[in-house]
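Asks: The opening residue of the sequence shown carries number 1193 in our numbering; numbering runs sequentially from there.
Hints were generated in silico from the structure; no laboratory data involved. Be a bit skeptical, because a hint or two may be false.
Derived DEER-like restraints, expressed as beta-carbon distance ranges [stated by the list, open to error]: (1) Ser2032 x Ile1910: 51 to 59 Å; (2) Gly1543 x Asp1611: 25 to 33 Å; (3) Glu1968 x Val2097: 35 to 43 Å; (4) Val2168 x Asp1315: 30 to 38 Å; (5) Thr1471 x Glu1344: 46 to 54 Å.
For lysine-lysine, the following BS3-like pairs were computed, each having C-alpha atoms within a straight-line distance of at most 30 Å [what the hints assert, rightly or not]: (6) Lys2196 x Lys2186; (7) Lys2001 x Lys1955; (8) Lys1288 x Lys1955; (9) Lys2003 x Lys2045; (10) Lys2094 x Lys2132; (11) Lys1702 x Lys1640; (12) Lys1340 x Lys1406; (13) Lys2001 x Lys1979; (14) Lys1354 x Lys1256; (15) Lys2186 x Lys1354; (16) Lys2170 x Lys2210; (17) Lys2001 x Lys2132; (18) Lys2134 x Lys2186; (19) Lys2134 x Lys2176; (20) Lys1209 x Lys1256; (21) Lys2210 x Lys2177; (22) Lys1345 x Lys1383; (23) Lys2134 x Lys1979; (24) Lys1288 x Lys1241; (25) Lys2134 x Lys2177; (26) Lys2183 x Lys2045; (27) Lys1955 x Lys1979; (28) Lys2176 x Lys1288; (29) Lys2003 x Lys1969; (30) Lys1285 x Lys1354.
Beta carbons: idealized from backbone N, C-alpha and C, even for Gly.
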Amino acid sequence: MDLLVAATANGDFDTVKNIIDSGSDVNVVDDGLTPLMSAIRNGHSSIVKFLVENGADINQTDSKGNPPLLIAAAEGQVEIVQFLSKMRDGVKKAGKDANTPLISAAKNGRLEVVRWLLEQGEDIDQTNEFGSTALLWAASGGHTDTAKFLLEKGAAIDMATKYGYTPFLYAAFYGHVEMMELLQENGADIKHSTLEGYTALHLAAQEGQVDVVKLLLEAGAVNATNENGSTSLTFAAMYGHTEVVTLLLENGADISLANDTGTTALHYAAEYGYAHVVTALMEKGAEIDAADNEGATPMLSAAMSGHTEVVRELLGRGAAIDKVDKDGYTALNVAAQNGHVNTVLALLEHGANIDHVTQDGFTALAGCCSKGKLDVAELLIKHGASIEPVTEKSVSALVAATSNSHPDLVRLLLENGADTERGYEDGYTPLICAAQNGYLEVVETLVKNGADVNAKANDGFTPLLIASLYGHLDIARTLLEHGATVELTDSTGNTPLMMAASYKHPEVVKLLLETGAHVNAQTHDKDTALRYATSGSIECVRLLLDGGADINLAGANTCSPLQSAVVAGLIDVVTLLLSRDANCQSVDDDGDTVLHEAAVYGHLDIARLLLEHGAAVDVANVMGWTPLALASQRGHTDIATLLIEKEASVDVRTGDDRTALSLAAEEGHLEIVRALIEGGAVVNAIDSDSQTPLMRAAYRGHGEIVRLLVDNEADVLIRNSSGRTAAEIARLNCRYDVWRLLTEREAQSSSKGTSSSNSTQSKPDWFIASREVRKEKQPFSAGSFGKVYRGWWLSTRVVVKTVAVETEKEKRIFHREARIWQKARHPNIVPFFGACDEGSTYFFVCEEAKNGKLLDYLYHAREEGRSLVWRKLLDAALGLHFLHERHVVHSDLKCNQILVSKDGVAMLTDFGLSFLATEQSGDEETVGAIRWKAPEVIRKDKPVAPNAQSDVYSLGMCVVEAVTGEVPWGQVPDPVVKFHVTRKKSLPRPKAFKSDAQWELVEKLCAFEPSKRMKLLKAIEVIREFAEEERFQERLQRMQQEDRESDVIAGEPPDVAKISTLGTLAKVQSVRTLMQRRIGGGTLMAAA
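With the sequences and hints as input, model every part of the structure.
Replies: Written out as structure tokens, the structure reads:
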């Protein structure tokens, strides 16, 4: 022990002074205690004062989270409490769980401390975070004098914790009869129950408090139930309190009552092995064969837990020995599978049906074999259990043993004549099962005992096939040594060699080749081992080629091994095959060459390698697509450029007359469009739908490509089969920026140089006349932007957002927001009706989001017990993706810019800082709210304009905000946030993120390097998974609502920890899902 801590404990003032004067640390910690705490615990007030005067930390907490003042209160050190309470500097009064000095003193029965604190004006009914008061803690500890004093001073006698526990309930739980009498005399509600329906009698019965039970029985209500239907008799039986059980029965407890799961007191006594309780209940007439909701009887409950004495007691009183539950399990089945030898013996002695088959096909012997219970198996066989399945669909004991690697059981069964070829209903023999699972010792045992090494299951699998599939080399070798045929195939024609090659097991491939496997064998679809191997393993490919595999032998769809390697993107395999003279001109049934595959999947290095080996550049497949067309459509710029450099024809037409330029323009691949134009592509090529590349780009809203095309002589006046120009197509699809650009070009083309200054300027599509809009007198929201009112547009209820517009810059911003909002028509964007830019006040008109801001909506949902975070974030992400597809950067994304409709749909709003990526504006000097901004946007040195990647960062911060309910970085000031973010310091993981996967999503969305951030589409996939899990958990919660268990005490719990475990005892854990049952029993006390 530290010398200073020891001296303070012993009260040696002089030694303490000498140590402090020598410069020792006054706040040294030894075993969780500082010198100040040690002095307080031992009541050395003079040393306490000396330590404080010499810098002792009066707020440092011990290992339990208690500061010095709470320690003094708990120890009853009145003088020290007085001294610390009157310190000028702030002294920490609350400890762990928000316990106060008054609560700590009452908890430990320190009456004088309680008296002094109340004299100082402390609130007598103050609570900790669980809602516990000083009176409740005095009652729980049986401190009658303290409780009496608190009552005299007006303490609320029935003030309950947040779980509904009162002082009277705690006194009953801990067996303090005198305390209960005191509380009762002072008017305590002795019939009070907790939020989950637990009464004082329930608690006393659970704890076996006989005297308390006697006191409470005078008040009646012996059969009162909690919310799950359990009575006091249920709890007394569950915890084995025979005397309480008897007392309750003598006072009218209904022995036949079952709780919501159909479980009676007898069930619980049997389950937990309380033979004396079982006897007491039986003598009072308990129904011996009562079944719960799952069909389990007390006999089955006792057998499952291995309580032989209880089983014998029940049998002696006539319990049905072979009664089954809903899954067809008898007491013998569950006892055998859980390895309870003595229980099995007792059941067999009383004539249990030894060969009864459960609904899922298990006899007692098969069940114990699946769990490796050798002693039980020996006992069952000794008593005549059938070694073989007794029905066509029942499980073979040998299959059960081999499927779970129990070699001793396998030997036992074989010694007793088990049929090595009797398989399960799918034809899988014991040897196939053992080979599949890699159990070498079991395989060796079986083959030595004559198991057929070439046996076939219904799907054609043999032991060697399945061992090859899973790469079990030693098992494959053993099977081959014992005569396994290397060419036997499954029902689709796969050989062991194909299986090993397909699943990348080169050692097994080598073994099979050495054993004489036919290297060029083909499946029914003509696939070969080499074709399989080329999509995965170069080692297997090399072995097969060295073994004589035909390098150009095509497989299914006439696909060659080289083509498979190209599809898989395995350049090392492609290089190997080409070095062995693989044909790079081969064509499959779809007309695709290996170069087509490289173009489709974007494998640039492979494409270059194939071209170096003479691959034809302009071959068209059956749909008329060349490699260049595929690369152009898929957006593989490097490959398209490479093909153009290699003189690929840029104007080859597909089956529907599309050119590479048409495909690239439609998909928005700007650089490919530029490369094709530079390569001489026909700009105005018309396809079979009468569409030009310009029309395709206009339809999809690719403004930069439209501009590039018209700058390169694309004809804006050409009309499609419906008579529409590219401009009209853009307008009909809300591509207004593209429409304006094309309209200007149309005017220039049609006027042939005539000035358009005389044309009248029409109002934009979004314009709403001010006379059509009325707003309420008072706004319901306001900010620096202006005010927001409810109102009417003609006869429709709307929201009117007024904006202060004075300068030309503000006008430009207003018009830009209107344009962007007008084109943002999507279920996850707040519906926009229009805007007005006439008169002194500009305004926007939109639909009202009845459920308000996202965080408020999520808060109210949590209050109702629902979690909707990920479903709403998915809505927001889908809205953001729509904007990005329209080349709109939101630029100010945060949760208060996400509103929720009356139908609960999250929608993005507020596009004041948004802009089109194709027309980035330098109007704005502000970047919006700092803590949602990406580092590259807010850094001092060369900041970049907001973009789609910075929006992704903001989405990540919205995830943080939605999950935690607080703004990112909490109370940290904006300048500090900016300092951290721009220096690549990550946001600390909030405690609300319980899932590593969810926090990993935030980290990937908020990567400091924009190029390393998760793509928005990928983020949507991940968020959708979380949303689906959230939805599933909500459904599950609703289903299990009646099945809730009580919370365990979070302070100093009573010494009870037993919970009903019938639902966790396995029947056949490895083969079937076991029923689960709970009741409202277990530990009844909630956190205090």
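Asks: Run every hint past the structure and note whether it holds.
Replies: Hint check:
For serine 2032 paired with isoleucine 1910, a C-beta distance near 45 Å fails the hint of 51 to 59 Å. Between glycine 1543 and aspartate 1611 the Cβ separation comes to about 28 Å, which falls inside the hinted range of 25 to 33 Å. Evaluation of the 35 to 43 Å hint for glutamate 1968 and valine 2097 yields a failure: the beta carbon distance comes to about 25 Å. The hint said 30 to 38 Å for the Cβ distance between valine 2168 and aspartate 1315, and at roughly 37 Å that hint holds.
Between threonine 1471 and glutamate 1344 the beta carbon distance is about 48 Å. The supplied range of 46 to 54 Å therefore holds. Proximity of lysine 2196 to lysine 2186 is assessed by CA-CA distance (about 17 Å); at most 30 Å being required, the pair is judged to hold. For the suggested pair lysine 2001 and lysine 1955, the alpha carbons sit about 20 Å apart, so the restraint of at most 30 Å is met. For the suggested pair lysine 1288 and lysine 1955, the alpha carbons sit about 66 Å apart, so the restraint of at most 30 Å is broken.
Among the hinted pairs, lysine 2003 with lysine 2045 is consistent with the structure: their alpha-carbon atoms are about 27 Å apart, no more than 30 Å. With a C-alpha separation of about 42 Å, the suggested pairing of lysine 2094 with lysine 2132 is violated against the 30 Å cut-off. The hinted pair formed by lysine 1702 and lysine 1640 meets the criterion: a straight-line CA distance of about 25 Å does not exceed 30 Å. Between lysine 1340 and lysine 1406 the CA atoms are separated by roughly 23 Å; this keeps the pair inside 30 Å, and the hint holds.
For the suggested pair lysine 2001 and lysine 1979, the alpha carbons sit about 20 Å apart, so the restraint of at most 30 Å is met. Pair hint lysine 1354 plus lysine 1256 holds up; C-alpha atoms about 22 Å apart against a cutoff of 30 Å. Under the criterion of a C-alpha separation no larger than 30 Å, the hint pairing lysine 2186 with lysine 1354 is consistent with the structure, at around 24 Å. Of the supplied pair hints, the one linking lysine 2170 and lysine 2210 holds, its CA atoms being roughly 28 Å apart against a limit of 30 Å.
A hinted pair counts as satisfied when its Cα atoms are at most 30 Å apart, and lysine 2001 with lysine 2132 qualifies at roughly 24 Å. For the suggested pair lysine 2134 and lysine 2186, the alpha carbons sit about 37 Å apart, so the restraint of at most 30 Å is broken. Only pairs whose Cα atoms come within 30 Å are accepted, and lysine 2134 paired with lysine 2176 is accepted, the gap being roughly 16 Å. Distance restraint check for lysine 1209 and lysine 1256: the Cα-Cα separation of roughly 28 Å lies within the 30 Å cut-off, and the hinted pair is therefore satisfied.
Note on lysine 2210 and lysine 2177: the hinted pairing holds, with a Cα-Cα distance of about 25 Å set against a maximum of 30 Å. The suggested pairing of lysine 1345 with lysine 1383 holds, with an alpha-carbon distance near 24 Å, which does not exceed 30 Å. For the hint pairing lysine 2134 with lysine 1979, the CA-to-CA distance comes to about 35 Å; that exceeds 30 Å, so the pair is violated. A distance of roughly 25 Å separates the Cα atoms of lysine 1288 and lysine 1241; the hinted pair therefore holds under the 30 Å criterion.
The hinted pair formed by lysine 2134 and lysine 2177 meets the criterion: a straight-line CA distance of about 19 Å does not exceed 30 Å. Using a Cα cut-off of 30 Å, the hinted pair lysine 2183 and lysine 2045 holds, with the two alpha carbons roughly 23 Å apart. The hinted pair formed by lysine 1955 and lysine 1979 meets the criterion: a straight-line CA distance of about 25 Å does not exceed 30 Å. Among the hinted pairs, lysine 2176 with lysine 1288 is inconsistent with the structure: their alpha-carbon atoms are about 35 Å apart, more than 30 Å.
As the CA atoms of lysine 2003 and lysine 1969 are separated by approximately 25 Å, the hinted pair is consistent with the 30 Å bound. Proposed proximity of lysine 1285 and lysine 1354 is supported: the alpha carbons are some 22 Å apart, at most 30 Å.
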